[in-house]
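**Student:** Using the sequences provided together with the hints, build the complete structure.
Each chain, written out:
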Amino acid sequence: MTSPIHHCKECVELLGEYIEGTLSPEQSKALEDHLSLCPPCITFVRTYKATRSLCRAALAAQMPRELMSSLKSFLSEHVPGFSCSKSDAAPRPPSDSEPKKV
Amino acid sequence: MSEQVTEEPREDGQPGDRELVEKAQKGDGEAFATLVERHQRQLYRLALRMTGSEADAQEVLQEAFLNAYQKLPLFRGEAQFSSWLYRIAANSALMRLRRKRRAPDALSDQPLELVGPKFSAEGYLDPAGDWSQRADEKMMSAQLGAAIQKAVTQLPDDYRTVFLLKDVDGLSNEDIATALDLTVPAVKSRLHRARLALREKLGEFFEAK
Ligand SMILES: [Zn+2]
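Protein chains in written order, with our numbering: chain A, 1 to 102; chain B, 1 to 209.
The hints are simulated quantities; they were obtained by calculation from the structure and are not laboratory data.
Please note that the accuracy of each hint is not assured.
Straight-line Cα separation of at most 30 Å, DSS-like style, residue types lysine-lysine; simulated pairs [to be verified]:
#1 B:Lys26 to A:Lys72
#2 B:Lys188 to B:Lys100
#3 B:Lys209 to B:Lys150
#4 A:Lys29 to B:Lys118
#5 A:Lys72 to B:Lys23
#6 B:Lys23 to B:Lys71
#7 A:Lys72 to B:Lys71
#8 A:Lys29 to B:Lys188
#9 B:Lys71 to B:Lys26
#10 B:Lys188 to B:Lys150
#11 A:Lys9 to B:Lys188
#12 B:Lys100 to A:Lys72
#13 B:Lys150 to B:Lys118
#14 B:Lys150 to B:Lys201
#15 A:Lys49 to A:Lys29
#16 A:Lys49 to B:Lys150
#17 B:Lys118 to A:Lys49
#18 B:Lys118 to B:Lys201
#19 B:Lys150 to B:Lys100
#20 B:Lys209 to A:Lys49
#21 B:Lys150 to A:Lys9
#22 B:Lys201 to A:Lys49
#23 B:Lys188 to B:Lys201
#24 A:Lys9 to A:Lys29
#25 B:Lys209 to A:Lys9
#26 B:Lys118 to A:Lys9
#27 B:Lys188 to A:Lys49
#28 B:Lys201 to A:Lys9
**Tutor:** So this is what it looks like as structure tokens:
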């Protein structure tokens with residue numbers, strides 16, 4: 001039996017696990033019961049999630065093309081058979097393209 | 001070899017890491033090239049997040065892949081190849097950071113105070129503005145982007161790295177824990193504290209608008 005959540009502070013502490021989906025069903029239930037009664041916590045959950053998505057959009061990092069080719073030529077100097085020319089010519093499947101980040 | 005981790009078949013039908021590693025261990029340089037091609041982007045993000053500089057990330061990547069190639073005969077498949085690589089790259093990044101910080105930097109040892117939400121004495125939140133509605137990703141402005149950059153830069157190093165690797169780059173808690181030599185609960189706790197601190201900064205940004 002999980003005790004009910006009375007205070008927003010406990011609710012906020014559990015948010016990381018909550019949005020990751022790793023809370024026990026009882027804990028999730030207790031948290032959702034608190035949310036249903038507490039508008040400030042609903043706002044908190046929304047802005048907590050928005051923080052994550054905004055940062056992801058602002059900070060996504062792509063490996064620069066030039067860096068890929070310099071890494072390739074560096075390794076082909078040190079790894080026998082690490083072919084430079086061939087892999088350039090070989091058709092690459094779509095999985096090699098970077099997943100688009102919004 | 002019951003200790004080996006099982007490997008899901010790849011969606012693109014290409015040989016899995018395990019198969020490529022075995023080939024590379026027998027001297028197939030092309031198989032190693034495919035592994036590099038496959039993992040370089042995620043490794044770059046790890047190196048970039050840890051060192052904070054593109055030039056350092058480049059050197060970390062060179063060193064890490066070369067190191068991985070040399071240690072390849074020792075790889076026994078008890079872990080995912082990717083986790084093994086992360087660990088090598090993380091070590092290389094740490095050594096680089098240590099070399100750079102010649103003198104012990106008193107400032108960087110100061111624990112920075114992470115500001116989280118304010119509660120009443122009883123533990124309640126006050127009603128606050130819901131800026132999540134205005135924070136549509138498509139509305140990303142230069143101003144907002146700069147505010148986020150600044151807020152993230154102000155986080156303590158280890159909080160920032162965990163946050164970036166997880167929430168921006170999408171690594172798993174387990175991989176982050178392995179790479180940074182932390183426990184998974186420590187990763188989760190840093191992540192949560194970092195998000196709370198960033199949420200406060202974003203709230204300030206939207207309130208000021
Ligand atoms: Zn509440």
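**Student:** All hints, please: hold or fail.
**Tutor:** Now for the hints, and whether the structure bears them out:
Between Lys26 (chain B) and Lys72 (chain A) the CA atoms are separated by roughly 20 Å; this keeps the pair inside 30 Å, and the hint holds. With a CA separation close to 28 Å, the supplied pair Lys188 (chain B) and Lys100 (chain B) stays within the 30 Å bound. Pair hint Lys209 (chain B) plus Lys150 (chain B) holds up; C-alpha atoms about 17 Å apart against a cutoff of 30 Å. Distance hint between Lys29 (chain A) and Lys118 (chain B) is fulfilled; the C-alpha atoms sit about 24 Å from each other, no more than 30 Å.
In summary, the hint linking Lys72 (chain A) to Lys23 (chain B) is supported, as the alpha carbons are separated by about 19 Å, within the 30 Å threshold. The straight-line distance between the Cα atoms of Lys23 (chain B) and Lys71 (chain B) is roughly 14 Å, inside the 30 Å bound, and the hint therefore holds. Between Lys72 (chain A) and Lys71 (chain B), the direct Cα distance comes to roughly 19 Å. Compliance with the 30 Å bound is thereby established for this hinted pair. The straight-line distance between the Cα atoms of Lys29 (chain A) and Lys188 (chain B) is roughly 21 Å, inside the 30 Å bound, and the hint therefore holds.
Among the hinted pairs, Lys71 (chain B) with Lys26 (chain B) is consistent with the structure: their alpha-carbon atoms are about 13 Å apart, no more than 30 Å. Proposed proximity of Lys188 (chain B) and Lys150 (chain B) is supported: the alpha carbons are some 23 Å apart, at most 30 Å. Of the pairs offered as hints, the one joining Lys9 (chain A) and Lys188 (chain B) holds, with about 17 Å between alpha carbons and a cut-off of 30 Å not exceeded. Distance restraint check for Lys100 (chain B) and Lys72 (chain A): the Cα-Cα separation of roughly 26 Å lies within the 30 Å cut-off, and the hinted pair is therefore satisfied.
Our distance criterion of 30 Å between C-alpha atoms is met by Lys150 (chain B) and Lys118 (chain B), whose separation comes to about 22 Å. Between Lys150 (chain B) and Lys201 (chain B), the direct Cα distance comes to roughly 9 Å. Compliance with the 30 Å bound is thereby established for this hinted pair. As the CA atoms of Lys49 (chain A) and Lys29 (chain A) are separated by approximately 19 Å, the hinted pair is consistent with the 30 Å bound. Between Lys49 (chain A) and Lys150 (chain B), the direct Cα distance comes to roughly 19 Å. Compliance with the 30 Å bound is thereby established for this hinted pair.
At most 30 Å may separate the alpha-carbon atoms for a hinted pair to count; Lys118 (chain B) and Lys49 (chain A) meet this at roughly 18 Å. Between Lys118 (chain B) and Lys201 (chain B), the direct Cα distance comes to roughly 13 Å. Compliance with the 30 Å bound is thereby established for this hinted pair. The hinted pair formed by Lys150 (chain B) and Lys100 (chain B) meets the criterion: a straight-line CA distance of about 23 Å does not exceed 30 Å. About 20 Å separates the Cα atoms of Lys209 (chain B) and Lys49 (chain A), which keeps this hinted pair within 30 Å; it holds.
Of the pairs offered as hints, the one joining Lys150 (chain B) and Lys9 (chain A) holds, with about 27 Å between alpha carbons and a cut-off of 30 Å not exceeded. Proposed proximity of Lys201 (chain B) and Lys49 (chain A) is supported: the alpha carbons are some 14 Å apart, at most 30 Å. For the given pair, Lys188 (chain B) sits about 20 Å from Lys201 (chain B) by alpha-carbon distance, which is consistent with the 30 Å threshold. With a CA separation close to 16 Å, the supplied pair Lys9 (chain A) and Lys29 (chain A) stays within the 30 Å bound.
Distance restraint check for Lys209 (chain B) and Lys9 (chain A): the Cα-Cα separation of roughly 28 Å lies within the 30 Å cut-off, and the hinted pair is therefore satisfied. Of the pairs offered as hints, the one joining Lys118 (chain B) and Lys9 (chain A) holds, with about 9 Å between alpha carbons and a cut-off of 30 Å not exceeded. For a cut-off of 30 Å, the pair hint linking Lys188 (chain B) to Lys49 (chain A) stands: about 15 Å separates their Cα positions. A C-alpha spacing of about 19 Å is found between Lys201 (chain B) and Lys9 (chain A), which places the hinted pair at or below 30 Å, so the restraint holds.
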